[in-house]
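Peer 1: All chains, please: the whole structure from these sequences, using the hints.
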Amino acid sequence: LGDRLDCIFVNNGLLRLNEAEQVLETYRGSLGLKVHYVDASDDFLSALKGVTDPEVKRKAIGETFIRVFERKAREIGGASWLLQGTIYPDVIESGPGGKGAAAVKSHHNVGGLPKEMDFHLLEPLRDLFKDEVRRIGALIGVPEKILGRHPFPGPGLAVRCLGEVTRERLETLRKADALFIAEIRAEGLYDKMWQAFCVLLPVRSVGVTDDARTYAEVVVLRAVVSSDGMTADWVRLPSDLLDRVSRRICNEVDGINRVVFDITGKPPATIEWE
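Numbering-wise, the numbering used here comes out as the position in the sequence shown, counting from 1, plus 335.
In short, the hints are calculated from the structure, not lab data.
Every residue, glycine too, gets a C-beta built ideally from N, C-alpha and C.
Be a bit skeptical, because a hint or two may be false.
To be verified - With a straight-line Cα cutoff of 35 Å, these simulated DSBU-like cross-link-like pairs (lysine-lysine) come out:
id	residue 1	residue 2
1	Lys465	Lys480
2	Lys369	Lys465
3	Lys527	Lys480
4	Lys480	Lys510
5	Lys450	Lys407
6	Lys384	Lys394
7	Lys369	Lys527
8	Lys465	Lys450
9	Lys369	Lys510
10	Lys601	Lys384
11	Lys394	Lys601
12	Lys465	Lys510
13	Lys394	Lys450
14	Lys450	Lys369
15	Lys480	Lys394
Stated by the list, open to error - Simulated restraints, written as ranges between beta carbons of each label pair:
id	residue 1	residue 2	range
16	Arg583	Arg502	19 to 29 Å
17	Lys450	Ile411	16 to 26 Å
18	Glu410	Arg548	50 to 60 Å
Peer 2: Below, the structure written as structure tokens:
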């Protein structure tokens with residue numbers, strides 16, 4: 336594609352701590368790509384206001400994404416194709432895939448996209464699993480810091496922030512997640528697992544701090560191993576690591592007084608909670 340490729344990075348306000356800056360540095364700096372940055376945080380948070388159902392969240396995010404993308408593409412001019420990184424698990428989980436697969440959840444880039452768009456869709460990785468994509472990436476020289484990143488859902492933290500998504504709850508989740516990942520990296524475990532992240536639950540629990548009652552939200556720690564994301568097992572994290580993460584989150588993240596650890600595989604659960 337060469338200089339005919341215009342990359343549009345839509346910051347949906349649902350990214351992890353400092354992720355927007357890291358993405359721009361990687362794609363503009365390391366890869367030398369032409370990236371147009373759009374901060375559409377307000378658009379997405381407005382679309383998610385009052386929404387708690389995960390399927391409605393995903394479709395609202397898909398609709399908002401494509402409208403923001405169309406708006407920016409019109410500014411650039413001459414764009415007729417939308418290139419997406421859809422992979423096979425996205426297709427399988429989003430609906431009947433011709434092999435008897437039932438819909439599990441809509442992915443924003445498959446079932447979450449609106450039917451009417453101003454672009455032709457191009458999905459070169461649609462029939463590949465994540466591990467296959469990584470092998471191809473290694474062959475063509477994609478940096479390891481990109482290939483080795485844990486998978487992150489298209490709807491971002493919206494599907495890890497259960498219940499209504501607000502700016503304040505997202506900030507709480509970002510801080511907890513960053514602490515968890517930092518501890519996993521310090522332990523040398525990050526590259527040994529498929530995915531690790533925090534989930535913020537829409538429930539509160541009673542706690543005690545400095546002899547005073549608290550009533551705050553709950554964070555879930557999730558860590559899994561997998562080869563392709565279609566099945567997964569939970570990681571047996573060391574108890575001292577879990578203890579350290581729990582203490583740090585409760586002490587350093589406002590609004591959290593309880594941390595729990597998810598020990599469910601896929602199946603019966605999915606890796607993401609929504």
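Peer 1: Determine for every hint whether it applies to the structure shown.
Peer 2: Checked hints:
{"no.": "1", "hint": "Lys465 with Lys480", "in the structure": "holds (15 Å)"}
{"no.": "2", "hint": "Lys369 with Lys465", "in the structure": "holds (25 Å)"}
{"no.": "3", "hint": "Lys527 with Lys480", "in the structure": "holds (14 Å)"}
{"no.": "4", "hint": "Lys480 with Lys510", "in the structure": "holds (22 Å)"}
{"no.": "5", "hint": "Lys450 with Lys407", "in the structure": "holds (19 Å)"}
{"no.": "6", "hint": "Lys384 with Lys394", "in the structure": "holds (13 Å)"}
{"no.": "7", "hint": "Lys369 with Lys527", "in the structure": "holds (33 Å)"}
{"no.": "8", "hint": "Lys465 with Lys450", "in the structure": "holds (26 Å)"}
{"no.": "9", "hint": "Lys369 with Lys510", "in the structure": "holds (30 Å)"}
{"no.": "10", "hint": "Lys601 with Lys384", "in the structure": "holds (30 Å)"}
{"no.": "11", "hint": "Lys394 with Lys601", "in the structure": "holds (24 Å)"}
{"no.": "12", "hint": "Lys465 with Lys510", "in the structure": "holds (27 Å)"}
{"no.": "13", "hint": "Lys394 with Lys450", "in the structure": "holds (11 Å)"}
{"no.": "14", "hint": "Lys450 with Lys369", "in the structure": "holds (28 Å)"}
{"no.": "15", "hint": "Lys480 with Lys394", "in the structure": "holds (30 Å)"}
{"no.": "16", "hint": "Arg583 with Arg502: 19 to 29 Å", "in the structure": "holds (23 Å)"}
{"no.": "17", "hint": "Lys450 with Ile411: 16 to 26 Å", "in the structure": "holds (24 Å)"}
{"no.": "18", "hint": "Glu410 with Arg548: 50 to 60 Å", "in the structure": "holds (53 Å)"}
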